[in-house]
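Enquirer: Letter by letter, the chains look like this.
There are 2 protein chains.
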Amino acid sequence: MPQPDTFSAFAARWQEPVEARLRRLLPPTDTPPARLHEAMHYVMFPGGKRLRPLLALLGCAATGGDPERALGPAAGLELLHTYSLVHDDLPAMDDDELRRGRPTCHKVYGEALAILCGDALLTLAFEAVAPAGAEAVRVLAEAAGSRGMVGGQVADLAAEGAEPDLAAVEWIHDHKTGALIRASLLVGALAGGGATRDLGPLAEFGQCIGRAFQIADDCLDVTGNQQDLGKRPGQDEAARKSTYPAAIGLSASLQAAHALVGRAEELATEIGSWTAGGLESLSPLLRDAARFTVSRFS
Amino acid sequence: MPQPDTFSAFAARWQEPVEARLRRLLPPTDTPPARLHEAMHYVMFPGGKRLRPLLALLGCAATGGDPERALGPAAGLELLHTYSLVHDDLPAMDDDELRRGRPTCHKVYGEALAILCGDALLTLAFEAVAPAGAEAVRVLAEAAGSRGMVGGQVADLAAEGAEPDLAAVEWIHDHKTGALIRASLLVGALAGGGATRDLGPLAEFGQCIGRAFQIADDCLDVTGNQQDLGKRPGQDEAARKSTYPAAIGLSASLQAAHALVGRAEELATEIGSWTAGGLESLSPLLRDAARFTVSRFS
Chain C
1 MPQPDTFSAF AARWQEPVEA RLRRLLPPTD TPPARLHEAM HYVMFPGGKR
51 LRPLLALLGC AATGGDPERA LGPAAGLELL HTYSLVHDDL PAMDDDELRR
101 GRPTCHKVYG EALAILCGDA LLTLAFEAVA PAGAEAVRVL AEAAGSRGMV
151 GGQVADLAAE GAEPDLAAVE WIHDHKTGAL IRASLLVGAL AGGGATRDLG
201 PLAEFGQCIG RAFQIADDCL DVTGNQQDLG KRPGQDEAAR KSTYPAAIGL
251 SASLQAAHAL VGRAEELATE IGSWTAGGLE SLSPLLRDAA RFTVSRFS
Chain V
1 MPQPDTFSAF AARWQEPVEA RLRRLLPPTD TPPARLHEAM HYVMFPGGKR
51 LRPLLALLGC AATGGDPERA LGPAAGLELL HTYSLVHDDL PAMDDDELRR
101 GRPTCHKVYG EALAILCGDA LLTLAFEAVA PAGAEAVRVL AEAAGSRGMV
151 GGQVADLAAE GAEPDLAAVE WIHDHKTGAL IRASLLVGAL AGGGATRDLG
201 PLAEFGQCIG RAFQIADDCL DVTGNQQDLG KRPGQDEAAR KSTYPAAIGL
251 SASLQAAHAL VGRAEELATE IGSWTAGGLE SLSPLLRDAA RFTVSRFS
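Protein chains in written order, with the numbering used here: chain C, 1 to 298; chain V, 1 to 298.
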């Protein structure tokens, strides 16, 4: 079957299988401790676009693997991403009351259960990724841990109120958001049983779109409205967060995001040629995925 | 080299290699974010007896594997155990101020960093266990997640103040403590490249000593003093925790622990014979390890 050549068609093909796998991975809400399992379902469903799982499936397709085989690890990336949202929202951290238009986990279930719900999702993420093998687990752990996402969150909290500085903002974004987006593509590539090859270009592709994605997110906090965002806009500025717009202004931020997408499109052309012999070229799909990361501007 | 035949000799042989591996796994405190890495070192060193890593190395030896090869995964079990202590101590959970005789992580580094320190240790645990393979990661995740340790902590918090009930106490102990002790033996067995065999007896051995260990811990909270415990005694009773002594009294609790050790010793004899062809029999060592779990009574 030829791959769709737009990211939205690819998403339409794979979002439901990702949902189905997530439902299968989460323990049923009638098994003990029921309240914990309820909280896990509450934060996982309904979800967002499931961007990270879709990127994992793209990474899998890019190496000629079978996306069907990568569904579990792809779902694991969403579990891990969601744990990070649950913990970031806690009173001791960003103290957010709304997420995707609904009360945050600790608002509904209390702080103790929210901490434990995040812990359980993080743990389940590794269970879901395990079938992709030791290297995939290692890649994910490195991206998610103190030298990756958790490190980025620590730096983000420490930078609150500090004078915005581009180098610091880039470090925070690359770690807090970029590392997991990059890892999504790599875990997918390792999960699908595709060809073993140098994944450097895929890693750089992930790094570019990860950074572009976070810049877009920063800009949306300035320009968006509550209905589209599912949370109050302007919170970054109110909390004096280190963001791109705060460091270099809105217009230069948009330019930087588009430059990153441009570089990602170049890499997409190269990566797309990997599978030229067997499948339809994936280049148009990967280029469209890169553009998608900033399409939330419009 | 013949194995030592007492658990304390086995510990003397392997504690320093476990410490060395832990030091190698933790990012240096001068790498960013330095304060997070400092916090991770603070909670890991100095440590306790490193019981879970030692049990992992025992599990490895029991299947004829090379403990040297299991050191990374063994260290991973201590990282995971320590994350659970850091999160359990948080104000939203048990709100403890002392751990191993020192101020708890959130007392020194604040609540946000303590949550993130735990998250980073949990993540690093999976990185450390990854080389043992997909099945070891799966076993650990199941033992640590919502159907294991995290589930036990949820049930423990929910049971505070409730009428003590033996079935509930057993459920909590098996999940909160027992699951990880059992997993330590199994991960070790999977990590060392030993013979593939039915690990059922090793799992039951782990379950028995895990339960005995937790009963001993409950009893110590009643009979111990602050200097030996490194924390204030009597806290379980003050918090109306679900414990063995609260459910069935101190004397019946001690009897239950000794019965479990007795069963573990039987299993130790069986497991020890696995390696009879190659190595010295491990039975005396495993039997002594079982007795060790309750030796903290004296």
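Hints are not guaranteed to be accurate.
Same chains, same label: a pair holds when it works inside one copy or across any pair of copies.
[As the list claims (entries may be wrong)] List of simulated lysine to any residue pairs, SDA-like, C-alpha gap at most 25 Å:
#1 Lys-107 / Ala-247
#2 Lys-107 / Ser-8
#3 Lys-107 / Glu-16
#4 Lys-107 / Glu-163
#5 Lys-107 / Asp-94
#6 Lys-49 / Asp-288
#7 Lys-107 / Asp-95
None of these hints come from the bench; they were simulated from the model. The model shown is predicted, which means the values in this text are computed figures rather than measured ones.
Enquirer: Does each hint fit the structure? Answer for all of them.
Expert: Now for the hints, and whether the structure bears them out:
In this assembly of identical chains, the alpha carbons of Lys-107 and Ala-247 never lie at most 25 Å apart, being 32 Å within a copy and 33 Å across copies at closest. Taking identical chains as interchangeable, the C-alpha atoms of Lys-107 and Ser-8 are never at most 25 Å apart, the minima being 33 Å within one chain and 48 Å between chains. In this assembly of identical chains, Lys-107 and Glu-16 lie within 25 Å of each other by CA distance neither inside one copy nor across copies; the values are 29 Å within and 45 Å between. In the homo-oligomer, the alpha carbons of Lys-107 and Glu-163 never lie at most 25 Å apart, since the shortest distance is 31 Å inside one protomer and 28 Å across protomers.
Taking the shortest Cα distances, Lys-107 and Asp-94 sit within 25 Å of each other both inside one copy (13 Å) and across copies (19 Å). Taking the shortest Cα distances, Lys-49 and Asp-288 sit within 25 Å of each other inside one copy (15 Å), while across copies they are farther apart (54 Å). For the homomeric pair Lys-107 and Asp-95, the shortest alpha-carbon distances inside one copy (10 Å) and between copies (20 Å) are both at most 25 Å.
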